[in-house]
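Peer 1: Residues per chain are reported as follows:
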Amino acid sequence: MALVLKNTDLKELAQLYDRISMCTQCGNCKYGYEYGSTENFAAMICPQGDKYQFEAYRGSKGKAALAKGLLSGMIQWSEKTTHVIYTCIGCGACVEMCETDIKDYLLRIFEALKGEAWKFNMGIPEGVKKWSSTIGVNKNPYMEKHEDRLNWLPASVRDSLPKKAEYIYFAGCTASYRQKNIALATFKLLQKLKIDFTVTPDEWCCASPLLRTGQYNIAKEFIEHNRELPEKYGASGFITTCAGCYRTLSIDYVKDPPEGYADKFGKMEGVKVIHTIQLVEDMINKGEIEFEGTFNNIVTYHDPCHLGRHAEVYESPRNVLKAIPGLKLVEMYRNRKFSFCCGAGGGVRGGFPDYSVETSMKRVKEAETTGASIITCVCPFCWRNLNDAIDALKSKMQMLDIVEILEPIVKRK
Amino acid sequence: MARGNREVLAKLEQIVGPDYVSNEEAVLLPYSWDLTWADPRLPDYVVMPKTVTEIQRVLRLANHMRIPVIPYVNATNIGGLCVPEEGGIVMDLKRMDKIIKIDPETCYAIIEPGVSHAQLSAALKATNPQWEGYEFSKGFEFGWGVHPASASVLAMAINHGIGHLNGRLGINSQLISSMEVVLPTAEVVKLGSCAFSDSWHSFLPLPRMDGLFLGWMGTTGIVTKLGIWIFPIRPYKDVLTIAAETAYDMTRYMVHWRHYSLCDEVTAVSWWLAQIPIPYPYQEKPKDTPEWFSYTVISGWSEEELEYKRKMWKKVVAEEKARGTKLIDFEYPPEAKRGRTELPSRIIGSTKNYSKSCGGGLAWPGTFAPCKSWPILYEKWKEIYIRHNLSPAVRFTDFQGAHYGMLRLMTPFDKRNPESVKAARDAMVECIRAGIPLGMLPYKPPVEYMNELNAAADAGYVYLMTKIKDMLDPNNIMNPGKLGIR
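Protein chains in written order, with the working numbering: chain A, 1 to 413; chain B, 414 to 899.
Please keep in mind that the hints were generated in silico from the structure rather than gathered at the bench.
There's no promise every hint is true.
Listed below are the simulated DSSO-like cross-link pairs for lysine-lysine, each with C-alpha atoms no more than 27 Å apart in a straight line [unchecked claim]:
#1 B:Lys463 with A:Lys362
#2 B:Lys511 with A:Lys337
#3 A:Lys365 with B:Lys511
#4 A:Lys51 with B:Lys835
#5 A:Lys365 with B:Lys538
#6 A:Lys103 with B:Lys750
#7 A:Lys362 with B:Lys538
#8 A:Lys130 with A:Lys51
#9 B:Lys463 with A:Lys51
#10 A:Lys337 with B:Lys750
#11 B:Lys538 with A:Lys337
#12 A:Lys130 with A:Lys194
#13 B:Lys424 with A:Lys365
#14 A:Lys6 with B:Lys835
#15 A:Lys362 with B:Lys424
#16 A:Lys362 with B:Lys750
#17 B:Lys551 with A:Lys51
If you want the footprint, here are the derived chain A segments under chain B, 3+ residues with CB under 8 Å [unchecked claim]:
#18 12 to 23
#19 39 to 51
Beta carbons are placed, not taken as given, at the ideal position from N, Cα and C, and that holds for glycine.
Whole structure, please, built from the sequences with the hints as guidance.
Peer 2: What follows is the structure, encoded as structure tokens:
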């Protein structure tokens with residue numbers, strides 16, 4: 001029996017069937033592996049597979065199988081289908097292992113599957129439904145009022161923000177409404193580095209949570225709005241401290257498929273997108289930064305999936321950490337492209353909070369084995385989930401964004 | 414949508430816990446097929462036991478209810494072995510993933526079914542051969558095959574899988590030293606030295622009862638622990654390559670070279686298999702290109718030993734050229750060399766070479782055949798494949814001596830297209846039919862190949878196979894339909 005395309009009602013998915021069909025079901029994606037002459041890396045890197053274990057949940061094999069089964073009419077949509085699809089964090093670990101030509105399309109396929117789920121409205125997690133129903137009004141997934149977006153800034157500063165600047169600091173929803181410590185530290189850092197920047201009350205959610213859960217129809221308005229901001233503020237680009245915003249602004253807004261969504265929403269052109277850590281690394285390399293103090297701690301770095309695997313920025317954070325006087329960087333066994341996700345992305349933190357924190361607890365336990373006292377990262381969403389795990393475990397480790405480490409001890413030369 | 418019935422589901426939940434059993438189609442679907450043209454068939458349940466006791470309880474239930482049980486770990490066998498012909502319970506064993514022991518003195522390991530090649534190779538590389546604490550060298554290895562690193566070491570070994578040491582040591586089922594099996598009727602048995610002590614080092618000199626579970630494709634029991642011999646990693650390695658005009662020339666060279674038993678592996682691939690991806694549908698080979706390409710891996714404990722092997726290899730090549738064998742010099746790319754010497758390899762262990770853009774289908778006539786038949790069968794297979802518009806992507810590999818070796822034909826096809834699936838299936842079955850009279854035997858055979866084998870088999874062979882199957886599995890619950898006899 002051949003897997004003939006029959007169910008063309010699943011439009012987003014059907015468009016990708018040529019690619020979906022390239023999955024041979026070999027299972028390479030189910031386990032992290034790299035060979036070497038004297039040792040090799042071998043570890044489970046798929047958090048979903050680690051938790052649920054069945055083939056459907058493990059690596060990209062299961063999701064590609066579901067897509068084939070649905071498109072060929074072998075199975076019908078059910079609540080369990082949605083569960084399999086929505087417990088995928090979209091971390092991209094399986095993409096690193098895939099060796100066939102479906103590889104580059106895997107994340108797009110997962111998001112298309114999540115998108116199709118809305119048509120059936122079976123089993124979509126209540127937490128995801130909840131924020132999705134209000135994001136159009138609030139412009140953020142935290143169900144907070146949009147007018148409170150800049151409340152992380154002191155009122156005096158808020159009222160005197162420049163109307164024109166070279167860069168817009170795009171804080172993102174998590175730093176704006178939850179991890180205000182990171183937004184504030186970034187603001188102070190950019191000031192100390194004498195960057196010409198502003199912050200805007202016009203910032204809306206970058207649309208990452210919408211794209212990652214396949215809600216393309218709502219995402220459109222957000223992308224069209226945000227990409228107009230640089231022109232409005234005379235800026236040449238965005239600076240962001242959020243890995244999720246970085247991936248969305250620099251890839252989804254800009255690139256054609258399979259990486260981005262320019263095919264659906266058009267292209268943002270002529271706008272630089274810089275992660276804070278890249279800015280700092282560049283300034284260190286140019287000799288423009290001076291350290292005024294030391295940071296005498298052992299630190300381990302957690303690679304956010306959206307910055308690491310999705311955008312392939314692995315070394316910039318490490319180079320910055322290595323440049324900090326007194327800081328000793330130690331690696332977890334699973335790092336860089338084989339990093340283990342914190343468990344927050346893809347709608348999982350909102351949809352399956354217990355599973356989400358269970359995943360981040362696994363990551364914190366791994367961090368504890370390094371001998372570090374601090375976990376650092378460059379993503380407020382990871383920060384939040386890992387910090388919840390530290391609390392849940394009553395771990396002695398401390399969570400700090402690299403920006404929080406840097407801000408007190410740097411100045412512009 | 415749910416399958417099966419609630420009563421069985423509830424009983425399975427009692428045995429393994431509700432998190433490790435499902436009868437939902439969305440969960441069952443990936444267990445319904447594999448890479449091959451085997452028709453997808455959904456199981457009714459999947460269970461993931463963690464212990465031998467749980468396996469026993471599932472089997473007792475299955476016998477009582479007459480439900481098929483299909484052992485499963487990764488389903489990368491390229492033979493449809495785990496596709497549930499008659500529905501039933503897929504028993505996914507990947508939660509049983511302990512490396513129970515690595516004995517660096519007696520040089521064996523004990524593993525559970527869920528242990529992957531990735532996991533075992535990392536553990537073996539971190540263990541050093543030693544005696545009374547004195548370490549001789551760095552790391553151990555096993556026979557790493559050409560498959561994803563997530564594949565099960567145990568499943569591959571008990572189904573006569575091949576590994577990178579097969580030129581030196583034979584196929585992986587020859588490297589098994591002891592085993593624990595749960596019989597279809599749920600009794601636990603130990604075979605080999607482990608039946609008498611805690612040592613899992615050898616089957617010999619006992620009667621080889623392990624043969625009741627090797628190559629039976631999960632139809633006679635569930636192997637829950639396996640003792641395997643492990644081998645010190647030799648620190649010096651090289652890959653030597655040569656091409657040939659024809660399969661006859663290539664076979665002549667390979668037979669001559671392996672006469673000296675100096676290599677870990679010697680393999681040759683036809684031009685179509687050397688392409689990435691394999692051309693699909695069939696494409697003609699460029700006229701100025703050799704038809705065959707081979708590599709051989711040599712290893713040693715010193716550069717001098719390696720150099721001696723190189724010299725011997727050069728001597729063989731020179732002698733063959735002198736007597737008219739058409740051999741052509743060629744160099745392997747560095748990444749391909751790495752893939753052959755730093756194993757298990759993520760590159761050759763993938764499907765990218767085989768199924769790049771063809772609708773995800775991949776299967777083979779994978780066979781063991783006497784070396785004399787290789788070039789004859791290649792010509793026959795080539796004719797069959799070109800007639801079906803498929804590329805003759807053939808591989809020869811020697812297995813430890815003059816006796817036999819692997820002859821197989823990797824075949825990508827388009828699973829979306831019924832005609833493509835049929836053409837691949839028809840071509841492969843025709844190849845098997847053509848090969849059996851010339852001594853060729855398919856390994857990990859799909860049902861269609863088993864039917865061909867049974868049709869050609871000595872009557873006594875089928876009689877005994879049936880009798881053994883009936884004795885061990887009176888209710889025919891273990892992977893029914895795979896042997897073509899019930």
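Peer 1: All hints are to be evaluated individually against the structure, with a verdict given for each.
Peer 2: Tested hints:
At most 27 Å may separate the alpha-carbon atoms for a hinted pair to count; B:Lys463 and A:Lys362 meet this at roughly 21 Å. Only pairs whose Cα atoms come within 27 Å are accepted, and B:Lys511 paired with A:Lys337 is accepted, the gap being roughly 25 Å. Between A:Lys365 and B:Lys511 the CA atoms are separated by roughly 21 Å; this keeps the pair inside 27 Å, and the hint holds. Straight-line distance between C-alpha atoms of A:Lys51 and B:Lys835 comes to about 39 Å, which puts the hinted pair past the 27 Å bound.
Taking the CA atoms of A:Lys365 and B:Lys538, the gap is about 25 Å. The hint holds against a cut of 27 Å. At roughly 24 Å between alpha-carbon atoms, A:Lys103 and B:Lys750 fall within 27 Å of each other, so this suggested pair holds. Restraint check: the Cα-Cα separation between A:Lys362 and B:Lys538 comes to about 25 Å, which is no more than 27 Å; the hinted pair holds. Restraint check: the Cα-Cα separation between A:Lys130 and A:Lys51 comes to about 25 Å, which is no more than 27 Å; the hinted pair holds.
Proposed proximity of B:Lys463 and A:Lys51 is supported: the alpha carbons are some 15 Å apart, at most 27 Å. The hinted pair formed by A:Lys337 and B:Lys750 meets the criterion: a straight-line CA distance of about 24 Å does not exceed 27 Å. Of the pairs offered as hints, the one joining B:Lys538 and A:Lys337 holds, with about 22 Å between alpha carbons and a cut-off of 27 Å not exceeded. Proposed proximity of A:Lys130 and A:Lys194 is contradicted: the alpha carbons are some 41 Å apart, above 27 Å.
Taken as a hint, the B:Lys424 and A:Lys365 pair is broken in the structure, with Cα atoms around 35 Å apart against an allowance of 27 Å. Between A:Lys6 and B:Lys835 the alpha-carbon distance is near 19 Å, which keeps this suggested pair within the 27 Å criterion. For the hint pairing A:Lys362 with B:Lys424, the CA-to-CA distance comes to about 31 Å; that exceeds 27 Å, so the pair is violated. Restraint check for A:Lys362 and B:Lys750: not satisfied, since their Cα atoms lie roughly 37 Å apart, outside the 27 Å limit.
Our distance criterion of 27 Å between C-alpha atoms is broken by B:Lys551 and A:Lys51, whose separation comes to about 35 Å. Closer than 8 Å: that is the beta-carbon criterion, and the segment 12 to 23 of chain A has 4 residues meeting it against chain B, so the requirement of 3 holds. With 4 residues bearing a CB less than 8 Å from a CB of chain B, the segment 39 to 51 of chain A meets the requirement of three and the coverage assertion stands.
Going down the numbered hints, you'll see the structure goes against 4, 12, 13, 15, 16, 17, while the others check out.
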